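Visitor: Residue numbers (this note's numbering), protein chains in the order written: chain E, 1 to 110; chain G, 1 to 113.
Hint data in this document are derived by calculation from the structure and do not stem from the laboratory.
Keep in mind that a hint or two might mislead.
DSSO-like mimics (lysine-lysine), calculated; alpha carbons at most 30 Å apart, straight line [what the hints assert, rightly or not]:
no., chain 1, residue 1, chain 2, residue 2
1, E, Lys60, G, Lys65
2, E, Lys77, E, Lys109
3, G, Lys65, E, Lys97
4, E, Lys52, E, Lys77
5, E, Lys97, E, Lys52
6, E, Lys68, E, Lys56
A few chain G residues facing chain E, derived, Cβ under 10 Å [as the list claims (entries may be wrong)]:
no., residue
7, Phe33
8, Gln37
9, Gln41
10, Leu43
11, Thr48
12, Gly52
13, Gln96
14, Asp99
15, Phe104
Not the full set, but computed from the structure, chain E residues with beta-carbon under 10 Å of chain G [said to hold, decoys possible]:
no., residue
16, Ala27
17, Gly29
18, Pro40
19, Thr51
20, Ala53
Values in this document were obtained by computation on a predicted structure and should not be read as measured data.
Here a beta-carbon is modelled for each residue, glycine too, at the ideal position from N, C-alpha and C.
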Amino acid sequence: GDSVTQMEGPVTLSEEAFLTINCTYTATGYPSLFWYVQYPGEGLQLLLKATKADDKGSNKGFEATYRKETTSFHLEKGSVQVSDSAVYFCALGYGNKLVFGAGTILRVKS
Amino acid sequence: SAVISQKPSRDICQRGTSLTIQCQVDSQVTMMFWYRQQPGQSLTLIATANQGSEATYESGFVIDKFPISRPNLTFSTLTVSNMSPEDSSIYLCSVQSEDYEQYFGPGTRLTVT
């Protein structure tokens with residue numbers, strides 16, 4: 001079945017460091033791919049998405065490229081801030097169904 | 001994007017009791033979803049709720065345990081019945097936009113003692 005695998009956390013970085021959170025997927029078709037973020041004590045927010053191969057989603061300095069050849073959708077940010085500390089979820093979706101990865105905790109130290 | 005509210009935001013309940021969680025959206029939506037997020041884990045879809053029809057449950061979830069109502073296009077409830085400590089989780093509702101993006105409510109944190 002469809003599944004999403006994320007790198008295990010927590011990931012701890014210093015402010016202004018480069019961030020990569022790996023995400024790979026297994027899918028029977030051609031899903032859309034998403035990154036959601038959950039800040040402490042809050043609900044999930046859609047961070048970015050890509051709907052087809054080679055699409056790049058971007059938002060708030062974060063980027064991820066839909067790589068069909070490597071079945072990946074890695075999240076990157078060039079310079080993280082303390083306020084980026086959160087849990088990041090990679091997900092794939094067909095129509096109204098979303099399948100989530102386990103989530104990766106990011107901690108950014110000042 | 002839709003604005004979604006949930007009530008209650010948290011609750012502590014005794015085993016054997018039931019809790020009904022409300023989800024309110026600020027716009028009319030066709031599909032609403034209920035998810036469970038167990039401690040330290042990812043989200044799992046419980047069911048999909050369309051207005052005017054029975055909810056569709058995912059494998060491992062049954063209507064007797066998680067009855068859902070969807071009386072109109074802006075509101076839904078999820079009841080967690082006959083609770084046990086294993087039901088301690090965050091329960092989230094979400095809605096889907098026309099371009100298939102899902103937006104989530106803030107969640108209801110349930111602790112069963």
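Visitor: Give me the numbers of the hints this structure contradicts, sorted from smallest to largest.
Guide: 1, 12, 16, 17, 18 and 20
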